[in-house]
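S.K.: So you can see what is in the structure, the chains are spelled out below.
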Amino acid sequence: VSLQQDFPGLFLQEEEEEEEDFVLNQTPTYTQLLAFLHPQAIELVQFLLVKDQKKIPIKRADMLKKVIREYRDVYSEIINQATRTLQQVFGLELVEIDAKHHIYILTSSLPRAEGENLCQNDETAKLGLLTVILSFIFMKGNSAKDSAVWEFLRWLRVKPGQRHSIFGDVKKLVTEEFVRQKYLEITPIPLTDPPEFKYQWGLRAAKEISKKDVLRFVAKIQGKDPTFWTSQYNDAEATS
Amino acid sequence: MAAQMTDAHRRFLQVLMSHGIMEGSEARKLHRRCCEIHKVHYVHDKLDDFISTVNRHLQPLFMQIRKGLSESDGRAHYALVNLAETEITKMASDYTENELELFRKTMDLIISSENGFASSTDILNLADQLKTKKMKKKEAEQVLNVFVEDKWLSERNGEYTLHTRCIIEMEQFILSNYQDIARKCNICHSLAIQSQVCESCGTGMHLPCVRKYFRAQTEPRCPQCNDFWSCDIPGTKQPIFTKTESSNTRK
Ligand SMILES: [Zn+2]
Ligand SMILES: [Zn+2]
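Sequences listed follow chains A and B, in order. First residue of the first sequence: 1, per UniProt numbering; consecutive thereafter. First residue of the second sequence: 1, per UniProt numbering; consecutive thereafter.
Everything hinted at is true.
Taking beta-carbon pairs under 7 Å as the criterion, some of the chain A residues facing chain B (in silico): (1) L34; (2) A35; (3) I42; (4) V45; (5) V89; (6) F90.
Because the hints were derived from the structure by calculation, they are not lab data. Note that beta-carbon positions come from the ideal geometry of N, C-alpha and C, so glycine has one too.
Please construct the entire structure, taking both the sequences and the accompanying hints into account.
M.R.: Next comes the structure, spelled out in structure tokens:
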């Protein structure tokens with residue numbers, strides 16, 4: 001770590017008081033390193049956490065403009081420190097989900113707990129709705145037409161034109177918020193008139209949600225074994 | 001040697017962040033669950049020690065998990081706060097300039113009010129006086145809803161007050177920016193937004209603190225000036241309060 005090279009004296013001094021032998025062949029622990037973070041790395045961590053709270057994907061351009069500012073020459077060092085801190089303290093990983101436009105999201109790097117994936121945020125009914133939509137898409141073979149998705153939702157008494165007591169404007173939530181958060185990807189189907197759209201899992205969903213859990217969720221609702229759906233079962237086993 | 005951060009601590013932090021704020025019993029349940037998931041030794045009733053390990057790692061980042069009491073029911077809550085900000089920077093990246101101005105003005109109204117509430121009518125009347133950019137009433141109403149959703153404000157019968165999460169996060173900011181009007185509770189000495197105020201000397205107390213304090217007194221008298229306490233003591237006529245209260249203290 002270049003931090004060590006930058007401040008070798010500091011680490012030694014700190015530990016010298018305790019026990020000398022121990023110091024010389026010991027690399028500094030992460031907690032000790034934390035004290036020497038670049039101020040911009042700290043600011044970047046805070047910035048990323050605030051954006052992540054609303055599940056807003058982060059553009060590299062914004063990181064540069066709003067946080068790194070005049071420290072561009074040490075950009076990669078700042079990013080490294082921030083990434084390491086997010087990992088060590090928060091168990092979060094900074095993932096580039098769009099290499100062309102340099103867009104990032106934070107996702108958890110903690111091992112998945114049994115069944116935890118689908119209910120971690122169960123206090124927000126919105127994510128319940130999202131889970132239902134993602135399940136539907138997955139069961140339809142990873143892609144579903146907009147008409148089919150909305151027909152399914154109507155059947156669940158969630159209607160696009162009505163204001164829902166919990167979801168508010170459902171149409172907006174699904175087609176704008178979930179899309180902006182990269183949970184859903186909606187693309188027009190070429191040569192359709194009136195235009196039709198294809199719903200697929202977004203990059204965040206692919207990264208954060210396990211198909212195995214989704215299949216288990218559907219199986220539970222339907223009272224069947226996950227192996228009942230052969231192709232979905234194989235897909236889930238293959239991607240996890 | 002101080003305890004190291006484990007995945008149990010990290011998971012706890014992640015879930016707390018996604019909730020924004022957690023009530024004490026919820027947080028205790030989560031503590032247990034995180035330890036179970038990651039097979040980390042779980043010590044019952046040691047949530048505060050568990051949190052202090054997390055806080056030691058958050059400190060260099062100017063963040064902290066802080067405990068605060070709800071002003072309405074006195075229950076403990078936990079929230080992750082950002083200590084670096086002297087201004088409302090956490091909000092600044094989330095809202096537009098005129099939304100922030102509306103929030104500040106709402107905060108002014110709430111803090112300078114007698115009981116810690118501002119009516120929606122009074123707040124909406126500010127909408128077309130905003131200096132940054134005027135808002136239509138309808139728009140302002142929606143913005144208020146977002147503030148409630150994001151746990152900066154809470155609403156009760158068309159009256160708004162600061163959300164517990166907001167108070168935990170902004171206590172220092174409010175105490176230093178509203179020095180002349182912000183009240184500290186006479187009993188617990190922390191910021192008091194929703195409070196009862198002594199008619200004679202102006203000293204204020206949180207409602208749960210009032211309740212606790214006067215329970216031990218034969219006659220309600222102001223702890224500051226010893227005059228008779230003229231406000232209704234909350235909960236005295238409602239057995240429900242005593243019920244929740246006792247189940248709280250039992251732990
Ligand atoms: Zn008090
Ligand atoms: Zn008095």
